[in-house]
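2 protein chains.
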Amino acid sequence: MVVEGARLAHARFPEAQFVFYGVESRIKPILDRLPRLAQRSQIHHTDALITNEDKPSVALRQGRQSSMRLAIDAVRDGQAAGVVSAGNTGALMAIAKFVLRTVPGIDRPAIASYLPTLRGESVMLDLGANVDCDADILVQFAVMGEVFARTVLGVSKPTIGLLNVGIEELKGNDQVKQAAQMLRRTNLPIQFHGFIEGDDIAEGTVDVVVTDGFSGNIALKTAEGTVKLVIGYLREALKNSARGKLGYLIAKPALDKMRERIDPRRYNGAILVGLNGIVVKSHGGTDALGFANAIGVAIDMSVHGFVARIKDELERLKLDPQSDTQAAVV
Amino acid sequence: MVVEGARLAHARFPEAQFVFYGVESRIKPILDRLPRLAQRSQIHHTDALITNEDKPSVALRQGRQSSMRLAIDAVRDGQAAGVVSAGNTGALMAIAKFVLRTVPGIDRPAIASYLPTLRGESVMLDLGANVDCDADILVQFAVMGEVFARTVLGVSKPTIGLLNVGIEELKGNDQVKQAAQMLRRTNLPIQFHGFIEGDDIAEGTVDVVVTDGFSGNIALKTAEGTVKLVIGYLREALKNSARGKLGYLIAKPALDKMRERIDPRRYNGAILVGLNGIVVKSHGGTDALGFANAIGVAIDMSVHGFVARIKDELERLKLDPQSDTQAAVV
Numbered sequence: 156m157v158v159e160g161a162r163l164a165h166a167r168f169p170e171a172q173f174v175f176y177g178v179e180s181r182i183k184p185i186l187d188r189l190p191r192l193a194q195r196s197q198i199h200h201t202d203a204l205i206t207n208e209d210k211p212s213v214a215l216r217q218g219r220q221s222s223m224r225l226a227i228d229a230v231r232d233g234q235a236a237g238v239v240s241a242g243n244t245g246a247l248m249a250i251a252k253f254v255l256r257t258v259p260g261i262d263r264p265a266i267a268s269y270l271p272t273l274r275g276e277s278v279m280l281d282l283g284a285n286v287d288c289d290a291d292i293l294v295q296f297a298v299m300g301e302v303f304a305r306t307v308l309g310v311s312k313p314t315i316g317l318l319n320v321g322i323e324e325l326k327g328n329d330q331v332k333q334a335a336q337m338l339r340r341t342n343l344p345i346q347f348h349g350f351i352e353g354d355d356i357a358e359g360t361v362d363v364v365v366t367d368g369f370s371g372n373i374a375l376k377t378a379e380g381t382v383k384l385v386i387g388y389l390r391e392a393l394k395n396s397a398r399g400k401l402g403y404l405i406a407k408p409a410l411d412k413m414r415e416r417i418d419p420r421r422y423n424g425a426i427l428v429g430l431n432g433i434v435v436k437s438h439g440g441t442d443a444l445g446f447a448n449a450i451g452v453a454i455d456m457s458v459h460g461f462v463a464r465i466k467d468e469l470e471r472l473k474l475d476p477q478s479d480t481q482a483a484v485v
Numbered sequence: 156m157v158v159e160g161a162r163l164a165h166a167r168f169p170e171a172q173f174v175f176y177g178v179e180s181r182i183k184p185i186l187d188r189l190p191r192l193a194q195r196s197q198i199h200h201t202d203a204l205i206t207n208e209d210k211p212s213v214a215l216r217q218g219r220q221s222s223m224r225l226a227i228d229a230v231r232d233g234q235a236a237g238v239v240s241a242g243n244t245g246a247l248m249a250i251a252k253f254v255l256r257t258v259p260g261i262d263r264p265a266i267a268s269y270l271p272t273l274r275g276e277s278v279m280l281d282l283g284a285n286v287d288c289d290a291d292i293l294v295q296f297a298v299m300g301e302v303f304a305r306t307v308l309g310v311s312k313p314t315i316g317l318l319n320v321g322i323e324e325l326k327g328n329d330q331v332k333q334a335a336q337m338l339r340r341t342n343l344p345i346q347f348h349g350f351i352e353g354d355d356i357a358e359g360t361v362d363v364v365v366t367d368g369f370s371g372n373i374a375l376k377t378a379e380g381t382v383k384l385v386i387g388y389l390r391e392a393l394k395n396s397a398r399g400k401l402g403y404l405i406a407k408p409a410l411d412k413m414r415e416r417i418d419p420r421r422y423n424g425a426i427l428v429g430l431n432g433i434v435v436k437s438h439g440g441t442d443a444l445g446f447a448n449a450i451g452v453a454i455d456m457s458v459h460g461f462v463a464r465i466k467d468e469l470e471r472l473k474l475d476p477q478s479d480t481q482a483a484v485v
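Taken in sequence, the protein lines are chains A and B. Residue numbers for the first sequence follow this note's numbering, beginning at 156 and rising by one. Residue numbers for the second sequence follow this note's numbering, beginning at 156 and rising by one.
Incorrect hints may appear among the rest.
The list makes no distinction among identical chains, and a pair is therefore deemed to hold if it is satisfied within one copy or across any two copies.
Unchecked claim - Using 25 Å as the maximum straight-line C-alpha spacing, the simulated SDA-like pairs for lysine to any residue come out as follows:
| no. | residue 1 | residue 2 |
| --- | --- | --- |
| 1 | K466 | R414 |
| 2 | K394 | E415 |
| 3 | K394 | G275 |
| 4 | K394 | Q330 |
| 5 | K210 | F168 |
| 6 | K252 | D209 |
| 7 | K400 | R416 |
| 8 | K326 | L204 |
| 9 | K332 | T206 |
| 10 | K394 | I417 |
| 11 | K407 | R390 |
| 12 | K412 | G387 |
| 13 | K407 | R420 |
| 14 | K183 | D442 |
| 15 | K326 | R340 |
| 16 | K466 | V307 |
In short, the hints are calculated from the structure, not lab data. Note that the coordinates shown come from a computational prediction; the quantities given were computed from them, not determined experimentally.
Please take these sequences and the hints and turn them into a complete structure.
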């Protein structure tokens with residue numbers, strides 16, 4: 156899946172070069188059948204690997220020769236512009252944080268991803284890296300999300316929404332109420348929309364959805380499950396009558412286009428933001444097309460100089476004597 | 156909308172009787188045009204009302220003659236079997252808790268609702284009443300959800316899942332980890348499935364989804380938003396080509412059936428569980444059909460003696476000398 160994903164990514168980004176970390180005897184036979192990709196690829200052999208069952212702390216201590224660790228080391232050493240992994244998320248986060256460190260002003264990296272909305276695309280973070288987040292951390296996520304939307308999505312003045320159980324000021328837990336206060340008070344050059352609710356995510360009410368990793372992960376997966384539910388109901392409805400079947404056959408090209416638009420593979424590739432390096436997490440259960448998209452995300456971020464821009468932005472905020480949120484973002 | 160909803164509910168439940176709390180001069184003209192409903196209806200006039208902008212604490216103190224308060228008083232006094240309101244959720248919860256009190260063993264009422272899944276229907280709670288929940292509260296929700304699924308949904312041995320960011324034991328925040336430990340250890344006669352993730356909600360992995368009100372509200376509204384997104388994409392895809400349009404016309408009856416199945420009005424009517432009385436919250440933005448469904452939920456709960464069964468069940472658990480969770484559920 157990984158090598159085949161690289162082949163698809165290579166077709167889209169002919170300039171890209173690939174280093175595969177893993178068991179050479181498993182990778183090489185596949186690469187040998189793909190001479191064009193092979194020309195632009197190296198294999199860095201290692202037997203050691205981190206499984207999905209490994210605890211992040213154990214992976215960090217004992218996985219020094221693992222494919223995941225070596226690939227992240229290569230990013231630190233400038234041998235690679237970024238790393239893409241479909242492995243253990245917790246281990247990837249722990250190792251990346253340890254090896255690459257967070258950029259100044261950021262305490263904790265977050266997992267961010269694009270999502271489809273009725274108005275286009277939004278960015279949402281955190282999607283599961285930090286189950287508990289205080290207000291300071293949420294404000295840092297807001298700043299990173301803003302830079303992300305501006306840099307990678309190309310939105311000139313991205314709007315930021317804080318995910319909550321209601322839009323009124325008095326709604327929510329202490330963390331979101333305090334974060335909203337900080338974001339409202341601030342004269343950061345960001346557009347804080349205010350609180351949003353779960354349905355605003357798909358609505359596309361804001362460009363950047365900020366939330367803690369607990370609610371963010373649940374919201375993301377709930378959305379994925381709901382897409383499957385609606386598609387499942389649609390399929391059942393269409394196949395349960397002669398008219399449904401006929402209509403399906405006729406409308407098939409349109410329906411296929413719709414399915415493609417909400418295909419989770421299209422949105423595969425979550426970014427670990429806030430690190431001194433580009434780290435992209437692919438869904439473990441994806442296929443080559445999904446993995447190619449995750450590689451595409453890493454390339455996009457590299458081309459846009461995402462890490463440097465996050466750093467510049469945070470540096471700028473830190474130096475701004477007008478800023479109320481120094482304590483928060485520095 | 157309310158009177159028209161009662162008319163629809165009356166058609167389904169001819170034995171039901173209705174008392175409308177509110178401004179008589181607004182209600183009576185509508186009722187006068189519906190003689191069959193009027194025969195089974197009374198109007199309890201009051202000018203005072205609680206608006207959506209009122210803080211729950213203010214509504215509680217100052218709203219003693221409000222339509223919401225008087226209707227809940229009627230439930231306490233046995234003059235009504237249950238109350239249905241499309242008003243201010245926070246105020247409804249605060250007044251209902253104050254007037255009706257929670258049943259013994261329950262510290263905080265929760266908001267519960269049915270949800271459509273790929274396998275049928277599930278119950279989810281809390282949907283927003285309690286933004287912060289410790290492990291004890293989550294265990295109480297599990298017990299109430301279990302009784303709900305057994306009593307109202309008619310599932311003989313409902314399975315319970317705790318919503319989390321992963322299914323492994325080490326995943327999640329302290330509250331869910333501790334609640335899972337309590338539910339695993341317990342010899343309560345309930346089927347604890349373990350942790351579930353957001354996509355398990357629509358999948359129908361369990362009969363009862365237990366979560367805190369913050370994540371639960373976000374998950375519910377994210378699901379609602381995602382349904383709109385997929386339907387929106389579907390509509391766009393079908394109308395953007397001649398084949399799509401034709402296929403739509405042919406498959407329309409099937410597509411209508413599908414839309415009906417995921418129509419949020421069908422699932423309108425969230426139940427405030429854990430109270431000494433039946434209180435159902437209708438979505439504020441629903442129509443007569445949605446409101447009729449909310450009335451149907453209240454009637455169902457009354458017919459099934461839900462409140463008495465919750466009490467019996469909690470009493471039984473309390474008396475069970477084998478139970479480990481006495482501290483939790485008592």
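Now for the hints, and whether the structure bears them out:
1. K466 <-> R414: neither (38 Å within a copy, 47 Å between copies)
2. K394 <-> E415: both (20 Å within a copy, 16 Å between copies)
3. K394 <-> G275: Answer is between; shortest inter-copy Cα gap is 18 Å, intra-copy 31 Å.
4. K394 <-> Q330: Neither. Shortest intra-copy (48 Å) and inter-copy (44 Å) distances fail the 25 Å Cα cut-off.
5. K210 <-> F168: neither (35 Å within a copy, 56 Å between copies)
6. K252 <-> D209: within (17 Å within a copy, 46 Å between copies)
7. K400 <-> R416: For K400 and R416, the Cα distance is within 25 Å both inside one copy (22 Å) and across copies (18 Å).
8. K326 <-> L204: between (45 Å within a copy, 21 Å between copies)
9. K332 <-> T206: The answer is between: 22 Å across copies meets 25 Å, while 39 Å in one copy does not.
10. K394 <-> I417: both (21 Å within a copy, 17 Å between copies)
11. K407 <-> R390: both (12 Å within a copy, 13 Å between copies)
12. K412 <-> G387: both (16 Å within a copy, 13 Å between copies)
13. K407 <-> R420: within (20 Å within a copy, 29 Å between copies)
14. K183 <-> D442: within (19 Å within a copy, 63 Å between copies)
15. K326 <-> R340: So K326 and R340 pass the 25 Å test inside one copy only (18 Å; across, 35 Å).
16. K466 <-> V307: within (15 Å within a copy, 55 Å between copies)
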